[in-house]
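> Sequence:
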Amino acid sequence: MTKKMSMSTSKTSLVLFLCQIISALDVPLDSKLLEELSQPPTITQQSPKDYIVDPRENIVIQCEAKGKPPPSFSWTRNGTHFDIDKDAQVTMKPNSGTLVINIMNGGKAEAYEGVYQCTARNERGAAVSNNIVIRPSRSPLWTKEKLEPNHVREGDSLVLHCRPPVGLPPPIIFWMDNAFQRLPQSERVSQGLNGDLYFSNVQPEDTREDYICYARFNHTQTIQQKQPISVKVFSTKPVTERQPVLLTPTGSASTKVELRGNVLLLECIAAGLPTPVIRWIKEGGELPANRTFFENFKKTLKIIDVSEADSGNYKCIARNALGSVHHVISVTVKAAPYWITAPRNLVLSPGEDGTLICRANGSPKPSISWLANGVPIAIAPEDPSRKVDGDTIIFSHVQERSSAVYQCNASNEYGYLLANAFVNVLAEPPRILTPANKLYQVIADSPALLDCAYFGSPKPEIEWFKGVKGSILRGNEYVFHDNGTLEIPVAQKSNAGTYTCVARNELGKIQNEVQLEIKDPTMIIKQPEYKVIQRYGQVSFECIIKHDSTLLPTVTWLKDNDELPDDERFLVGKDNLTIMNVTDKDDGTYTCIVNTTLDSVSASAVLTVVAAPPTPAIIYARPNPPFDLELTGQLERSIDLSWIPGDENNSPITSFVVEFEDALHEPGVWRYQTEVPGTQTMAQLKLSPYVNYSFRVIAVNRIGRSQPSEPSEQYLTKSASPDENPANVQGIGSEPDNLVITWEPLKGFQSNGPGLQYKVSWRQKDVDDEWTSVIVANVSKYIVSGTPTFVPYEVKVQALNDLGYAPEPSEVIGHSGEDLPMVAPGNVQVHVINSTLAKVHWDPVPLKSVRGHLQGYKVYYWKVQSLSRRSRRHIEKKILTFRGNKTFGMLPGLEPYSSYKLNVRVVNGKGEGPASPDKVFKTPEGVPSSPSFLKITNPTLDSLTLEWGSPTHPNGVLTSYTLKFQPINNTHELGPLVEIRIPANESSLILKNLNYSTRYKFYFNAQTSVGSGSQITEEAVTIMDEAGILRPAVGAGKAMASRQVDIATQGWFIGLMCAVALLILILLIVCFIRRNKGGKYPVKEKEDAHADPEIQPMKEDDGTFGEYSDAEDHKPLKKGSRTPSDRTVKKEDSDDSLVDYGEGVNGQFNEDGSFIGQYSGKKEKEPAEGNESSEAPSPVNAMNSFV
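Residue numbers for the sequence shown follow the working numbering, beginning at 34 and rising by one.
Hints are computed from structural coordinates only; laboratory data are not their basis.
These numbers were taken from a predicted model, which means no experiment stands behind them.
Fair warning: there could be bad hints in the mix.
Distance ranges between label pairs, derived from CB positions [stated by the list, open to error]:
| hint | residue 1 | residue 2 | range |
| --- | --- | --- | --- |
| 1 | A342 | K265 | 28 to 38 Å |
| 2 | K348 | L292 | 41 to 51 Å |
| 3 | V990 | V824 | 31 to 41 Å |
| 4 | V824 | N860 | 25 to 35 Å |
| 5 | G384 | S344 | 49 to 59 Å |
| 6 | A810 | T388 | 14 to 24 Å |
| 7 | H194 | K348 | 25 to 35 Å |
| 8 | P203 | P397 | 43 to 53 Å |
| 9 | K177 | K265 | 20 to 30 Å |
Beta carbons are placed, not taken as given, at the ideal position from N, Cα and C, and that holds for glycine.
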C-alpha cells in the first residue's frame, strides 16, 4: 500500500498481509474470510536439506503446509514414489505431511538413508519441499595401532599425528593427559586445524608419556580416545638456533576454495628456534575490518561471512631472530545460489495480468528452471495465459483455472535453491471486515481515522458518505487511504455523526456504518508553579483542569517521575497537592498528570527547600501566557475571542497580540491577526471563508513578550467564492508562436473554498476579436500556442472555486513570443576622429522587422592588419552594445595606423539579427611607443656603443630616432645636453670623444610624421685611464667615480695627498702587526663583517687580484670587484676614496701580490652608482676591505 495507515490508540489493526503479493489485491488474515477463500498449498515447515539423524532415535522428517481446501501429502524417496502404507515402521502424522520412522522398535536407520521430497496438493495446485537428504550419524572406533616412543633432540620440531576416525559429522579434536586435563598450548605448542599437535621446538619439559588425542562426536554424544603417545626429549649442548621452516602448509604456495557466507580458515604453523611469530597480510589489499579474527596464537586467520571480494592471495610470514619464511595461499570464493529476487505469491482477479520473477546469483552463475505443481513446466499442462521468459513467467488475462503453484529451482555445482510461489485467481464479491456500527471517539482538532477494512476480487472501489443518505465525501478536508480508511485530518465538533462506507465491484456491493464522536480536549488551566519554601513550612501545588463532560479524568501526582512517597504529609486533593512540614528530601520536580480514555496532559513545577526565607525582592519578568481562550459569536466573516490574562509579573501588560493558524491550508504556521490594548481581554476578529481557524494570544509588557497561550478550539468558516484575483499577471512568449500567461496563485486561505481554479482569457489587441477563455487547475501559467510572432495581447486571469467566480479582473497587455530580427541596419558610415577613436553611424531598422522588443544595436569591429607591418594576426572581434534606438556610437581604444572592419546588428529579446555588410576603415598614424630596449656596451676611455630595438608599436612609419645625453657629476648635477638625430633604419651608434671615467645619462625616442613617442632612458660610465696608478687611501670602502676637477693638477695638493696616503699606510701596517702579533689579518672575515653585498670574491677571469698580504705573511687574501658584462653602471651612493685621485702607471705588484710603488697623479672624480666603478683593477680595492 502506498499510503500510510494510522489508527487511534484504542484500535487494533484488523488488516495484515497474507504474504508479499505483487498485485493490487491484498488478502487480509481475517479468520472467517480465510475459511471461505480458496488458496493453493504453501509449505510452512520442512526439515533441513542435509539432515543427519541419531541412529538410536526415531527419524522425524517434517513437512507442514496450509491451503484451502486443506492439502493432502505424498512423498518420494530417491526420486520414486514412497508408499508409506507398505512399511510398518513409517507413519504420517494426522492433518500433516510429517513422517515418523520408528527406529526404537527394531528399525535400522541405515535402511532409510536417501533423498526425500514432500508434495502438498489441493485442487488449486501442488507445492513441493526441498530435497531432504537423510543420513545417520556415525562415530567409529579408532583403529588399533602400535605407537613407538618419539625421541627428539632439544630445539627440534615435532608433530604428533591424531588421525581421528572418519565420522558423520566430523568429530571435534582435543588433546589431554591421563588425568583428563587439557594439555597447555602456546606460541610454541599448538593444535592444528587437522587435529595434529605441533611443536615449533621441543623443550625438556615436553617429555611425557601421556599425549592422548580425543575425538568427540556431538551428534551421538560419544568420545573416542587414541592410544597415548610418548615423547622423550634429550639434550645436546649447545642447542642450535634455527631459522623458521613451515610445518604446515608445505611449499611456498597453495590454493583454497571457500563458499560465500562460510567461515574462511587459513593456517600457518612454523618450526624454528627461537619460536617464530606469525603475521598475516593480504597481497594488494587490506584484511576486511570487523570480519577478521586471529586464533591459535595468530597461527590461524579466520574471516567470517566471506564474499567474492575476499578472493585473493593471503600471505603468512613466520619470523624469528635468524630470518623468515612465507607461504602464499590463493583463495577463491565460490558461491552456491543465493536469491536476488525470490518469486512471491500472486493473487489476481480474473482478467488481470501479473508476473513471477525468479532471480538468483552465484559462482558459477546458477541455471534457472521452472516447475508447475511439481512438474517441469515444459511437460506441464499448457496454460494459454502463461508465458515463460527465462527467469520470469508472464501471466496475461488470467482465469480461475490458471491457479497453480510454481517452483523455481536455481542450481549450480555448489548447491540449489527451491522456492514455491502460487498464482491464485479469485472472483469474490465485496466483503467489509470492519464491525458494523463501530464507535470512534477522538479529541477535537486531532485526526480521526474511520476504518473500512474490505476484501473482494476484483478489488472493490470504496466510497464514503456522511449519514445514511448523505452525499459522497470529497474535498481537501478528507484523506482517503488505499486500505479503505477515511481520515479527517482536523476533526471538529461538526464532523461528529454517522458515516457510511460502501464497497462495490462487478460482482456486488456492500455497505457498513460507523459512528464518530468528537470530544473536547483535556486542559490544565491552572498549572503548578515553581515554589521556594522554608524548611518545615507548608506548600501547595494547584492543578485545575478542564475536560469533556462525557470523559472521566484521573489525576495522578508524581515526584521526580516516580510515585509520591508513602507519607501522610502528602495530601492529594481534587485540584491540588499539599505537602505538610516540608523537609530537605522533598526537594524535586512535581508533576500533575491528567488522563482520560482519549488523551493525556501534564504539567510540572520544581520545589526548592531553603533554610531561611529568601530576601524579599521585586522580580520583574515577562508576563505569563493568557489561558482559557474561548470563541463566541461565530459568524461567517467574524468571531469573538476572549481570554484570561496570566500573571503580569510586576510589570503591567501593555497589549495582547492575537495570532491565527490555518490548519486546513498551512498547519503549524502562525500568522499575525490583530493587537489590542493590555486592558482588553476580548477581540472581534475578521475571518476569511474556508479557513480552519485556531487562535492564540501573546501578552506583552515592558520586559518582553510572554510565551503563546494554548491554541483555542478550531473554527472552520464556510466556503465562498473568491474575493480577489491572482496578482502579477503577465503575458510573455517563450517561442515565436506562443504566448505564456503567468500569475501568482492565490494562497490557500485566499481560495475561500474548495476546487480553486483559474479562468484564463486572452485576445489580440487592436483586432476585433472575441475573448478566448480556458479554465485551468490551481497552477501558475498557461501557454497559448499558434500565435503570430510578437503581437500585443490583452490578458486577464480570474479566480473561481466550487462556489463561484471572483470579481471581474483587470486586463494587462502582453506580447507573443519574439523571433530574431529580419533586417540588418543600413547606410553604415564610419568617421575617424583620431588615431584611436572613430564614430560609427547607421540607419535604424523598421520596427516591424525587429519582431520583438528593441533592446539596441551591437557593433562588431576587429583589426584586420597593421599598416606599418603588413602582417596579419589572429582576429579578435570586439563588441560594443548601444542600448535603445540609438543610431550612432563611438569606438574607442583603436590602434593607430591600422585597418579595421566593422558591422552592425540589431538586438531584441530573442537575439541578434543579421549583420550589415562589413565596413572597412583605417586609422591615421600616431606617435610611436618607446623603443623596445636601449643597451649600452663596449665602454672605452672616450666612447660608448649604443644598441636599441624598434618600438613594439610603431603606430606609423618611423622617420628617425632622437638621442639626447648629458654628463652627471658626483653631486648628481647634470651637464650640458647634446642632441643627435639618427635615421630610422639604424639600430646602433658609437659615441666618441667622451670624457673618461664619466657617467652619462641618455634619453632615446622614435618619431613618426605625427611626432615623437615616449622616451627610454639609460645611464653608463666610460672607463678610467688604464695606465692610472692609485695608492690606498682611508675611506668608506666603496669607490665613487666623479668628473675631473682642476685641483687635482695642483702640485701642493698632490704632495699633500701622497703624505697622507703614506702616513695612513704606515699606521695600518703597524695596527696589523700589533693586532695579529705577526699573524695573518683575515681579510675575508673583515669583508663578511662589513656585509657589503657588492664586494664578493670573483673568479680569476673576472679580474680577481688574488690575495693581499703584509710583509710578514704572504698567504693571499682574496679581493676583487665585479662589473656587469655590458659595462653599465647602476646607481648607488658611494663615499669618496683614494681611488678618486689615482693617475699614472707607477704602481706595481710583487710576485706574491704585495703592493709597491709611489703615489702620484691628479684628482679626478666621477659619480658611482650601485656597483663599483668599471675602472681597471687597483690595489686600492684590496685596501678598502681593511677599512
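> I'd like to know which numbered hints this structure contradicts. Please list them from smallest to largest.
1, 2, 3, 6 and 8
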